[in-house]
Amino acid sequence: MNIFVCVKQVPDTETKIVPTSDGTFIETSSIKWILNPYDEYAVEQALLMQAANAGSTVTVLRVGSLKDTEALRTAMAMGADDSILIEAPDNLDSFMIAKALKGAIEKSGKKPDLILTGKQAIDDDCLQVPQILAQMLDLPSVAVVVGMSQAADSITVKREIDGGAIEIYELKLPALIACNKGINTPRYASLPGIMKAKKKPLVQHKLADVGVTDGDKRLKYSGFSLPPEKPAGKKFDASDAAKQKDVVSQVVGLLRTEAKVI
Amino acid sequence: MIDFSYTDEQKEIRELALKFARNEMRPHAAEYDEKHIFPHEIYLKAWSLGLFNTSIPAEYGGNGFTNVDSVLITESLAYGCMGMTTSMMANDLALLPIVIGGTDEQKKKFLTPFTQSHRYAAFCLTEPAHGSDAAGITTSFKDAGDHYVINGEKMWITNAGYADIFVVYGTIDQTLKHKGISCLIVEKGTPGIEVGKAEKKMGHNCSDTRGIRFNNVKVPKENMLGKPGEGWKIAMKTLDRSRPLVASNALGGAQAALDHSIAYARDRKQFGVPIGAHQAVGFMIADMAMKVEASRLLITKAAWLADQGVENSEIASYAKAFASDSCMQITTDAVQVFGGYGYSKEYPVEKLMRDAKLIQIYEGTSQIQRLVIAKEIIFRK
Numbered sequence: 000m001n002i003f004v005c006v007k008q009v010p011d012t013e014t015k016i017v018p019t020s021d022g023t024f025i026e027t028s029s030i031k032w033i034l035n036p037y038d039e040y041a042v043e044q045a046l047l048m049q050a051a052n053a054g055s056t057v058t059v060l061r062v063g064s065l066k067d068t069e070a071l072r073t074a075m076a077m078g079a080d081d082s083i084l085i086e087a088p089d090n091l092d093s094f095m096i097a098k099a100l101k102g103a104i105e106k107s108g109k110k111p112d113l114i115l116t117g118k119q120a121i122d123d124d125c126l127q128v129p130q131i132l133a134q135m136l137d138l139p140s141v142a143v144v145v146g147m148s149q150a151a152d153s154i155t156v157k158r159e160i161d162g163g164a165i166e167i168y169e170l171k172l173p174a175l176i177a178c179n180k181g182i183n184t185p186r187y188a189s190l191p192g193i194m195k196a197k198k199k200p201l202v203q204h205k206l207a208d209v210g211v212t213d214g215d216k217r218l219k220y221s222g223f224s225l226p227p228e229k230p231a232g233k234k235f236d237a238s239d240a241a242k243q244k245d246v247v248s249q250v251v252g253l254l255r256t257e258a259k260v261i
Numbered sequence: 000m001i002d003f004s005y006t007d008e009q010k011e012i013r014e015l016a017l018k019f020a021r022n023e024m025r026p027h028a029a030e031y032d033e034k035h036i037f038p039h040e041i042y043l044k045a046w047s048l049g050l051f052n053t054s055i056p057a058e059y060g061g062n063g064f065t066n067v068d069s070v071l072i073t074e075s076l077a078y079g080c081m082g083m084t085t086s087m088m089a090n091d092l093a094l095l096p097i098v099i100g101g102t103d104e105q106k107k108k109f110l111t112p113f114t115q116s117h118r119y120a121a122f123c124l125t126e127p128a129h130g131s132d133a134a135g136i137t138t139s140f141k142d143a144g145d146h147y148v149i150n151g152e153k154m155w156i157t158n159a160g161y162a163d164i165f166v167v168y169g170t171i172d173q174t175l176k177h178k179g180i181s182c183l184i185v186e187k188g189t190p191g192i193e194v195g196k197a198e199k200k201m202g203h204n205c206s207d208t209r210g211i212r213f214n215n216v217k218v219p220k221e222n223m224l225g226k227p228g229e230g231w232k233i234a235m236k237t238l239d240r241s242r243p244l245v246a247s248n249a250l251g252g253a254q255a256a257l258d259h260s261i262a263y264a265r266d267r268k269q270f271g272v273p274i275g276a277h278q279a280v281g282f283m284i285a286d287m288a289m290k291v292e293a294s295r296l297l298i299t300k301a302a303w304l305a306d307q308g309v310e311n312s313e314i315a316s317y318a319k320a321f322a323s324d325s326c327m328q329i330t331t332d333a334v335q336v337f338g339g340y341g342y343s344k345e346y347p348v349e350k351l352m353r354d355a356k357l358i359q360i361y362e363g364t365s366q367i368q369r370l371v372i373a374k375e376i377i378f379r380k
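Chains as they are written, first to last, in numbering that gives the first Met the number 0: chain A, 0 to 261; chain B, 0 to 380.
The set of hints was computed from the structure by calculation and includes no laboratory data. What you are looking at is a predicted structure, and each value in this text was computed from that prediction instead of being measured. Careful: at least some of the hints might be erroneous.
[Stated by the list, open to error] Straight line, CA to CA, 25 angstroms or less: simulated DSS-like cross-link-like pairs of lysine-lysine:
1. K200/B <-> K199/A
2. K344/B <-> K200/B
3. K66/A <-> K10/B
[To be verified] If you want the footprint, here are the derived chain A segments under chain B, 3+ residues with CB under 8 angstroms:
4. 72-82
5. 184-190
[Claimed, not checked] Partial list, derived from the structure: chain B residues whose beta carbon lies under 8 angstroms from chain A:
6. I12
7. L17
8. K18
9. F19
10. E58
11. D306
12. E310
13. S312
Think of the CB as a built atom: it goes at the ideal place given N, C-alpha and C, for glycine as much as any other residue.
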């Protein structure tokens, strides 16, 4: 089974994000990069599938800058066999990323039996690449998958929907699955794994090598800014029993109209 | 020629160890300290990831880490819990004499099993009446033809209750002083080993510390490291390698105290501003940060020298004394930054302060380090 895992390298959740001075992207020079947490589930799922299907290979792909190859190295240290890096700016739109991934998968010469991704990247939260890629490759796909089992040439996946209900799908392989938290517990990259990863193949392509041009751009980022500072909390005095009813309806009203939580 | 950067691989090794420290060690640190739980399950997991026994060379099944790699790992683990890290380091401390003084056969027999399953080892040097004055130990190794007979008592032995092997120092002839010191590997289950009860301590409560009595313990002669009388040399070389590790345990704890203090100084408001904006607190934290960085540089240099095969006793002593003294100061100040909350067990810093104290004491007190340094710089140069 040829398993491909598409991963993204994202800023560590503890990193302080600063927009660039021209407002077109975020400052990337001081960022500590990590493998997107949802993609860790995808890597783990790929390794579980590999263990269950003798002779399988796991190839990890990433579109992004060369500055740091943290995500691919982590995936290989966890156990992936090899990796492909498509060199590109870190702020490509979802369509270009999907097209680059498609080009790289085709260029690898291996016919994909299963493509795994995280359900979303935690930096831009677009939630688009898995679906666009599946469409481009004409593969069935299910996203936000929290459980997966295999039978012969089909897989059964569980997908979480609003309210915690679960949808169950059966798909014929090849297929694309976008993983959510809960599908598995990602393993740590062991120290021997880290040492071994150094010797695993990492192929590099330019965007042009995988058929992506500037003409593919669908989205232009016009500005990046930090969210406004959270205003201080409001206090309501309900110590006067006579006024309690008014205060409560006032609070409920604000929760509805201002905080929009009920 | 000077380069302070880590390799990609070293960065990953540190990341893994830090992740393990944050996810697996720190969440249990307070509970295991309070209930005196030996974290065997956590150690099993750590072993399976290669975080144990970092000093075993690749040819005997280890990961072939450098001393610099090892100190990075130790610092990161200590960031999770200094007490838990003590047992992990104690394994290396006990295995290092075999790495340094063992024959190929001894290494295969005693080191390789540690790479195949999770085991514990105990370094047995200190005695009830001989701590700093280690050359005066009285545990006797009596030559009895094809074996030695050990008699004596050891004290403050880490991992004693769990050890599969004991690396024991004793003397073949007390009148020879340090020239009589020898080193034997004693396997668990050898008749005559009497492991004492767990000691009650100020800190490092999850680590196992006991006394051991050796009553006519027969050990085959092939278990001796080096020749009779070479034990002292092996012990000293071991300490050159292990002191940077011990110092890293202090450094990881100090870094944790610093990070807790920074976070608290930003959040906690008094007189209408975050307490970090008051110079009295800000300066304390600035001092902590300087000491953390200075410790790290000294430790890295000591470990790097060891990797170059260069004599590092003096710098290793600088590192051990400086990092452990700094850790004591930094953790004490962290409690001060937290004020009343710092003194409470609800917050993590009081445990750091209790744990810090031991690192000024074990593997050569801060005073012994100064003795080594003073001798070296005043009389040898």
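Outcome of the hint check:
no.	hint	verdict
1	K200/B <-> K199/A	47 angstroms, violated
2	K344/B <-> K200/B	16 angstroms, holds
3	K66/A <-> K10/B	14 angstroms, holds
4	72-82	holds (count 3)
5	184-190	holds (count 4)
6	I12	6 angstroms, holds
7	L17	11 angstroms, violated
8	K18	7 angstroms, holds
9	F19	7 angstroms, holds
10	E58	14 angstroms, violated
11	D306	16 angstroms, violated
12	E310	29 angstroms, violated
13	S312	28 angstroms, violated
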